[in-house]
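Q: Sequence:
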Amino acid sequence: YLYLLCSELKDRDKGGFRVNKILCLKTVPELQLDVIYALPGEIYTSFCVTPDYIFATNYSNERIEKLALPVSD
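434 is the number of the first residue of the sequence shown in my numbering; add one for each residue after it.
No lab work stands behind these hints, which were simulated from the structure alone. Each hint should be verified, as a subset may be incorrect.
[What the hints assert, rightly or not] Here are the simulated lysine-lysine pairs, DSBU-like style, with alpha carbons at most 35 Å apart:
1) K499 to K454
2) K443 to K499
3) K459 to K499
4) K443 to K459
5) K443 to K454
All chains, please: the whole structure from these sequences, using the hints.
A: Right under this line is the structure:
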């Protein structure tokens with residue numbers, strides 16, 4: 434699997450910039466979206482995925498959050 438932290442801009446006038454979704458892509462036999470994990474905060478800077486958890490650094494409160502899988506969107 435390949436995991437990517439995804440940013441999006443929903444409503445520019447209302448501060449709608451978010452970096453809080455992790456895209457999980459299957460790489461075999463071809464690249465394909467498997468699941469989207471939605472994180473509870475607004476902006477994350479880095480993450481690590483284990484078989485049971487996502488550890489993600491929340492930019493707003495400067496904390497590493499431990500989130501049980503699945504937290505799919």
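Q: Can the restraint linking K459 and K499 be considered satisfied, given a maximum Cα separation of 35 Å?
A: Status holds; Cα separation ~23 Å.
Q: Would you check the hint for K443 and K459, treating anything up to 35 Å between C-alpha atoms as holding?
A: holds, 26 Å
Q: Are the Cα positions of K499 and K454 separated by 35 Å at most?
A: Holds: K499 and K454 sit about 15 Å apart, inside 35 Å.
Q: Please work out if K443 and K454 have their alpha carbons no farther apart than 35 Å.
A: Answer holds: K443 to K454 is near 13 Å, not above 35 Å.
Q: Would the hint linking K443 and K499 be met if the CA-CA limit is 35 Å?
A: The given pair, whose Cα atoms are some 26 Å apart, holds under the 35 Å limit.
Violated hints for the displayed structure: none, as all numbered hints are satisfied.
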